[in-house]
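Take a look at the letters that make up each chain.
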Amino acid sequence: MKFLLVLVLGIASGAAAAAGFLYYNPLTSADVVTPLMVSDRRQFILNYSAVPAENILFTNNGESRITPAPQRVTQLWEGTVRDTEVLVAQLFDYRGQPVGAGIKFSTLSEDTRLLNGEAIVDSVWHIILPRQGSLLVAQRENRWDFFREIVVPAHWSSADSWKGAWRGLLSAGPNAMGTARVFGGSGNFDGVTLEAVEYLRASAYSTKSGPVAADGQLIFEFQEPTTQIAADAASE
Amino acid sequence: MLKTYVTGIVIGIAGAVAAVGYLPAVNLDREVSIVSVAPNGGNSETFHVNVPGDRIMLGAQAQANLMPPGLRWPEDPVFAGVRTELFKVRNSRDAVIGVGSRVVVQNEKLGNVIEWTVHLPARGSLYVRMEPENQSGQRIGRLRAGTREFAGLSGGLAERWVANETGDDPVSQGRIEMVATYVANARPESAGDQP
Numbered sequence: 001m002k003f004l005l006v007l008v009l010g011i012a013s014g015a016a017a018a019a020g021f022l023y024y025n026p027l028t029s030a031d032v033v034t035p036l037m038v039s040d041r042r043q044f045i046l047n048y049s050a051v052p053a054e055n056i057l058f059t060n061n062g063e064s065r066i067t068p069a070p071q072r073v074t075q076l077w078e079g080t081v082r083d084t085e086v087l088v089a090q091l092f093d094y095r096g097q098p099v100g101a102g103i104k105f106s107t108l109s110e111d112t113r114l115l116n117g118e119a120i121v122d123s124v125w126h127i128i129l130p131r132q133g134s135l136l137v138a139q140r141e142n143r144w145d146f147f148r149e150i151v152v153p154a155h156w157s158s159a160d161s162w163k164g165a166w167r168g169l170l171s172a173g174p175n176a177m178g179t180a181r182v183f184g185g186s187g188n189f190d191g192v193t194l195e196a197v198e199y200l201r202a203s204a205y206s207t208k209s210g211p212v213a214a215d216g217q218l219i220f221e222f223q224e225p226t227t228q229i230a231a232d233a234a235s236e
Numbered sequence: 001m002l003k004t005y006v007t008g009i010v011i012g013i014a015g016a017v018a019a020v021g022y023l024p025a026v027n028l029d030r031e032v033s034i035v036s037v038a039p040n041g042g043n044s045e046t047f048h049v050n051v052p053g054d055r056i057m058l059g060a061q062a063q064a065n066l067m068p069p070g071l072r073w074p075e076d077p078v079f080a081g082v083r084t085e086l087f088k089v090r091n092s093r094d095a096v097i098g099v100g101s102r103v104v105v106q107n108e109k110l111g112n113v114i115e116w117t118v119h120l121p122a123r124g125s126l127y128v129r130m131e132p133e134n135q136s137g138q139r140i141g142r143l144r145a146g147t148r149e150f151a152g153l154s155g156g157l158a159e160r161w162v163a164n165e166t167g168d169d170p171v172s173q174g175r176i177e178m179v180a181t182y183v184a185n186a187r188p189e190s191a192g193d194q195p
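So the protein sequences, as listed, match chains D and A. Sequence positions in the first sequence follow our numbering and run 1 to 236. Sequence positions in the second sequence follow our numbering and run 1 to 195.
FYI, nobody ran anything at the bench for these hints, they're computed from the structure. Note that the structure is predicted; figures quoted are calculated from it, not measured. Mixed in with the good hints there might be a few duds.
[As the list claims (entries may be wrong)] DSS-like, lysine-lysine: derived pairs with alpha carbons at most 30 angstroms apart:
#1 K208/D x K163/D
#2 K2/D x K3/A
#3 K88/A x K208/D
[What the hints assert, rightly or not] Calculated from the model, a selection of chain A residues having no Cβ within reach of chain D, i.e. all distances over 10 angstroms:
#4 I34
#5 A38
#6 A62
#7 I140
#8 L153
#9 G156
#10 V162
#11 D168
#12 V171
#13 E177
[Said to hold, decoys possible] Incomplete in silico selection of chain A near chain D, CB under 8 angstroms:
#14 I9
#15 G21
#16 I56
#17 P69
#18 W73
#19 V78
#20 T117
#21 H119
#22 E133
Backbone N, C-alpha and C fix where the C-beta goes; we use that ideal spot for every residue, glycine too.
Using the sequences and the hints, build the whole thing.
So this is what it looks like as structure tokens:
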């Protein structure tokens, strides 16, 4: 009996050690720097609130921590869509002026590998900028750092919340350099290929309601070098 | 005693690593894809949304019945002429298989733009731009992009409104039927891209 108790204690210690290594493993930290930060190509930025209740609409399966909004929105309870969230956000330019709306569909991915520090989410943004055009952003996100540095500490906290200053890169593909693919649909973006990355900045999180103070940012980059754009402008 | 404890630690570490490494963290539900071969090449698949039952959101300025109740659609002038709808998307067996957005923009800058994004969680997404003209009861669109299962495909989408004239369901107004056609694209993927 004594040996069995010691064995169980040993197994629990081993499992805890493995979980600790998984959680603290510095090798699984995602990059915060992307190639877009050192590029000289033309870029533009769209900002949005990452607090679901501050947006136009947010819905999920209704059983998750984050409550759908508005209150009477249809929930995604069917088996095929219950791991999917939909966010409809107002988008703002770098000056804080509203420029359009974005619809984000996010689904937990079966490619998630917690052992490798990969909490993968497949997402697409359908973006409408009524004075510029429309586009689709397709990306693979890794939310491991958000989970590790915000969600878990919030659960450990006696206040059931987390406060701090965190900025992380969500985009992890599908392009080779970890950027998202962007497909132009209409207007200025018709037939244009771009790349994008999505950042999340958080300063407060609650285990009861999810993000309390958080902003998202999409950075887009045109594929043509700045010199080509300047040449095109000169020839017009 | 110490040997037993150390053995337990090793078993615990191995068990935890095996569990995290081999047990799937996410296991998505799937419906069988009902895809048929199109007469002139490619494959086709039919989706539909029941109206108003599958409508999640209807947002537009000067719209009397915004949906869901309590929706605060932006009043900024930049949203003039924009109508955005969200739906649950069903397959031909009437099972929900995804969600989709239908966006209409009518303004001087863009003209008349109608777009669909259909997101099927276990498969991928379709991004389609529709022709503004309605041709013999249906509107045709071209597949602008696809992700995952639909990556690299070209093709199109036809939508048509089918009114509920049977009267068996007094709430149902009808449904939007969509027929997607997928044609394999010979364009190779970039060598460095992830699958």
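Hint-by-hint comparison with the structure:
no.: 1; hint: K208/D x K163/D; in the structure: holds, 14 angstroms
no.: 2; hint: K2/D x K3/A; in the structure: holds, 13 angstroms
no.: 3; hint: K88/A x K208/D; in the structure: holds, 27 angstroms
no.: 4; hint: I34; in the structure: holds, 13 angstroms
no.: 5; hint: A38; in the structure: holds, 23 angstroms
no.: 6; hint: A62; in the structure: holds, 15 angstroms
no.: 7; hint: I140; in the structure: holds, 16 angstroms
no.: 8; hint: L153; in the structure: holds, 13 angstroms
no.: 9; hint: G156; in the structure: holds, 14 angstroms
no.: 10; hint: V162; in the structure: holds, 21 angstroms
no.: 11; hint: D168; in the structure: holds, 22 angstroms
no.: 12; hint: V171; in the structure: holds, 14 angstroms
no.: 13; hint: E177; in the structure: holds, 19 angstroms
no.: 14; hint: I9; in the structure: holds, 4 angstroms
no.: 15; hint: G21; in the structure: holds, 5 angstroms
no.: 16; hint: I56; in the structure: holds, 5 angstroms
no.: 17; hint: P69; in the structure: holds, 5 angstroms
no.: 18; hint: W73; in the structure: holds, 7 angstroms
no.: 19; hint: V78; in the structure: holds, 6 angstroms
no.: 20; hint: T117; in the structure: holds, 4 angstroms
no.: 21; hint: H119; in the structure: holds, 4 angstroms
no.: 22; hint: E133; in the structure: violated, 15 angstroms
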